[in-house]
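Colleague: Take each chain as given, in its own frame, and dock them per the hints.
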Amino acid sequence: MSVKLTEEMLSALPDARGHFGAFGGRFVSETLMDSLMTLEKEYLQLKQDPEFQAKFDKDLADYVGRPSPLYFAERLTRETGGAQIWLKREDLNHTGAHKVNNTIGQALLAAFLGKKRIIAETGAGQHGVATATVCARLGLECHVFMGAEDVQRQSLNVFRMKLLGAEVHAVQSGTRTLKDAMNEAMRDWVTNVDDTFYIIGTVAGPHPYPMLVRDFQSVIGRELRSQALEKTGKLPDALVACVGGGSNAIGMFHPFLADENVELYGVEAGGLGIATGQHAAPLCAGRPGVLHGNRTYLMEDENGQIAGTHSVSAGLDYPGVGPEHSWLKDIGRAHYVSVTDDEALDGFRKLTRVEGIMPALETAHAVAYGVKLAAEMDKDQMLVINISGRGDKDIHTIANLDGIEI
Amino acid sequence: MSRIEGVLKTLKGQGRKALIPYITAGDPHPDVTVDLMHTLVEAGADIIELGVPFSDPMADGPVIQLACERALKHGTSLRQVLAMVKTFRETDAKTPVVLMGYLNPMEAMGYEAFADAAVDAGVDGILTVDLPPEEADDVAPLFTQRKLDAIFLLAPTTTDDRIRAISEHSSGYVYYVSFKGVTGAARINVDEVASKVAHIHEMTALPVGVGFGIRDAETAAAVGRVSDGVIVGSVLVDTIARNQADTAELKRALTDLLHPMREALDSLAS
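Heads up: the sequence lines are chains V and L, in that order. Heads up: the first sequence begins at 137 in my numbering, then just goes up one per residue. Heads up: the second sequence begins at 4 in my numbering, then just goes up one per residue.
Keep in mind the hints are simulated off the structure, nothing from the lab. Note that the structure is a prediction, hence the values are computed from the model and not measured. C-beta atoms are modelled at their ideal positions from N, C-alpha and C, and glycine is treated no differently. Hints are supplied without guarantee of correctness; some may be wrong.
Covered stretches of chain L (in silico footprint by chain V; criterion: 3 or more residues with CB under 8 Å from a CB of chain V, positions within the stretch not fixed) [what the hints assert, rightly or not]:
| # | stretch |
| --- | --- |
| 1 | 102-115 |
| 2 | 130-139 |
| 3 | 214-222 |
BS3-like mimics (lysine-lysine), calculated; alpha carbons at most 30 Å apart, straight line [as the list claims (entries may be wrong)]:
| # | chain 1 | residue 1 | chain 2 | residue 2 |
| --- | --- | --- | --- | --- |
| 4 | L | K183 | V | K298 |
| 5 | L | K97 | L | K150 |
| 6 | L | K183 | V | K177 |
The shape of chain L in the complex, shown without the other chains (with noise of 0.2 Å):
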């Protein structure tokens, strides 16, 4: 059993949803990302889905748009986020890092090399934004042979056939994209949520996680109560961005934003 899948499967068991918060990996800078991550597991993170930056960012915001810079300034590499998943793993042994980013950083890097540095590292899973199933024919099985999860995404426009198809392809967990949008935006519907998620539970067992849209409390246990976790992403993002300059304050400020979310997806325990 993958590390994701342990950890969703115990949270089941307890009734409880996961929390699963993004940063950009080298935002604000690439020496502090390790310590964040720390952070983010201490304020109540169960999965970290880690950023990997590039260049164009096609489907995020302007927040993780700005994020994407901050990093790439310091170059952060690919290379480098995998060593930085490396160090984290030295001391936190149990919570799973999916890595989130675009694929040509991967094909620069060369799937094969990519997949096994991620092995190496202790990466869990991989969601690579701009690649469907339909093109991840070379790509997915260099991952499944090696254990890590390929995670891809659903969204409002996928058809029946597609959620059935994708989530053949998918292992871990799916992400269903809440709003036809980029990240960031404020336009989630939680009822039009609840219903897709509630049609996509019955297409496939795998755990349903929401992303898009999530900022606060309110919104992570409203959408909580009709999946399976939820992603937290622009608002710590966000956050990161507001408090370059101190990083204890930002360490603060990250768990403030993210303990009462952990807090209102925990009472919804049944």
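Same shape as in the complex, but just chain V (with noise of 0.2 Å):
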């Protein structure tokens, strides 16, 4: 059922409406649409701007740390007994996590456009404190919007983001999670629409969005690709990334979309397990639908009201996944598949004894499905594991697990 991908094919997608296949599109009020095409038609220019590619690149470089190192986890490898077990270490960029990579791009694009008023959801806190330090850092006004329950569970960022100089709004509304906040701030959006730049953190909402945050975030897998041909003499024969919206994973995918032999594992949030419908799993469990912008694979129920999530990781607690995902996940070129919270945990603490990397929780998921996999391939086959962030933040809520209070 895999189709093989042509460069040429995916220099097509998305098409001019934003599409990838069935997937993706711009569905907002019109009050907004205005500014998508003019935000679409900007980023096109500049993306053929060699000033602004270097601009681009030379951050990443200086403020970001990039290229981050491709690391042999040589311990978890001898300990699992399969594949040799790769890690692309996004946690090691300034901020802590791959989300600075998109922030970075998303504010060029916003001093290119004038806007001096920038707004961004966030459920980790990853993606908010990636857009106050840019923010911080060319001096323009930010306002981060965060579900309730994940201001409380991600004390940690809330409070980098307040240093930073970033306003934090505790989005009471509907689950007070990621979902809801991407609401308020599209709200805010709507209602200032002429000053504000809205940084979305992943690889949803409308056209043009998902396209600019995948190319943003493509550097992670264009680096893996040279820094594996020049340490292996050859492609990876699989990558494993974490999926809530799919930012990191994308980013580590699309530079290998026409690589048939490279197998991609987009790792979603299994909660409590798939059956007990605690989850955010919607490429594991959900169907297609539209909300915030583009139609994907969602969590929902039968009347197409959409479902409340679950996830010990605030970053995957989604009911929706980037467009392009859907679509790869209906062509069959990647695969999606689920851990639940507990193989998460283990997955946690397993890298941080055995390799002293501390990861994300999100990540985390990632971490426990690449070691499964490792262990069922052969010992000549190399795997890589995005990484795409650091476990800093985690430490209350592991703490509270194991019932200590810090």
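Modeller: Here it is in structure tokens:
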């Protein structure tokens, strides 16, 4: 069922209306259409502009600290007893996650468009911190919308954002998590559309966001490609990344889509188990629908109301997913799987104890699945896990689960 | 001629403006929605916009968000909303009903099944907040084939090219969103609305209804003067929220709100 993708096919996606096959698009109220069309036009021009690209590359090198290392996890590999496990170290980026690759890019866009006020939604707070960081650097006004429940469980990142000068708005509506933060950011945007740039943190939302966030994050996969060739003389056999909205996964996968021998695995949050319904795995257990400006796989009830989600990790606790992932699922190019909260916590502990690398709880999902998958693969094969973020922000959650008060 | 077109044509012939109240179906309870719809008509409504509750109403302010939450707490589904319209139609064959909501509940039901059921229930028009004409290629023909009016939004940010294109896709009326913002905000600037609506009138023969920010007889008259009708939503929904416990009191309060608007609009008649 898998389709052989060519560079030519890939460069035509999304199409002019922002569609990836049956997914994506621009489902927003009329007030935002003009801004989205302007953003698309300006972005497509700047994408070809060597000056813009040079600025982006320079910021990634000098401010973010790229390239991020590709690290051979020797001890984890030995303990697992299967494929070589390598780690793409996005956790070593400035601010501690892959999110900053995108906020650097979008802040440059905002500057070119002359917008002085920035808004963002955040779940785990990593995107909020990455946005507040670039705003501090550029002297831009920054408002971050965050579900009230997430404000509680990610208090460290809330404080970081405030230190960086951002105003954090705790969103009390709906399920008080990431999806509601995104609703509220959209409401702010529609109200302040003249002077405000909305920095969306994942590859979801209305066109052109899934495309431009993917483009900014694809630095992960491009680097990985040349690092793998340099260090091992070949491309990896499997790539593994966690998927909430799916920005770190798309960033890692996209430069490999035409390499049919590279298997792609996106790991969703299985929460308490898919069978319980208490999870955040729309690609594994949802169906197509329309939310937040795009058509994609969603968790919803039989009446089309968006379902509540559950995950131990705030960053994956989202009922939708980027439309390009929905397309990759349907054409069979990428595999989407899930691991439970408990498996993810085991993954967190394992990477911490065996490699001395403390991953974010989101990332721990990819670690848990990656280790499981590596064990089934041959010793001469190579598997890469995207270590999308570091775990400092989750220490309180882990301590709570262990019954320890910090 | 559709029921919407007929009503708006008659009003125009009389030099009158349409009063179009909005309530969210199932709020405060599914059992009272039909009763409230009749109340709206008795208080002077020409067309009813009936909101289909959605879990994630991105274009709505807190008042309608809470209405959606109340309706969904009672499990109000799109199928139930259609059943309410069907019941309403048993005793009111003349007042057009427009369903207003978000796309996903319709997508979940299936567009063809939804369009058939809407016709069967006696729905006249469909207004989907998050469906611009660009994404409506598959959906809109299902409505037009069944003589359901497809009503699209125009906004202060809509360019001339889009005003033309959107008007071509629309029937019944076009809904002009009076300001940049969510429902229930108090940001309306009547002069700006007047000049934009006059501009829209130059580009389309369709009637222009104006919504967002109309909260009393004064704003209704000011906006009615420059448009073909006014859509009144959040102030009614807020009244529902305040009088949830007592349906008789609620109906009185809704009437007290709409009556002066009706009179103010009719005082504009030439």
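Colleague: Which earlier hints turn out false for this structure, listed by number in ascending order?
Modeller: 3
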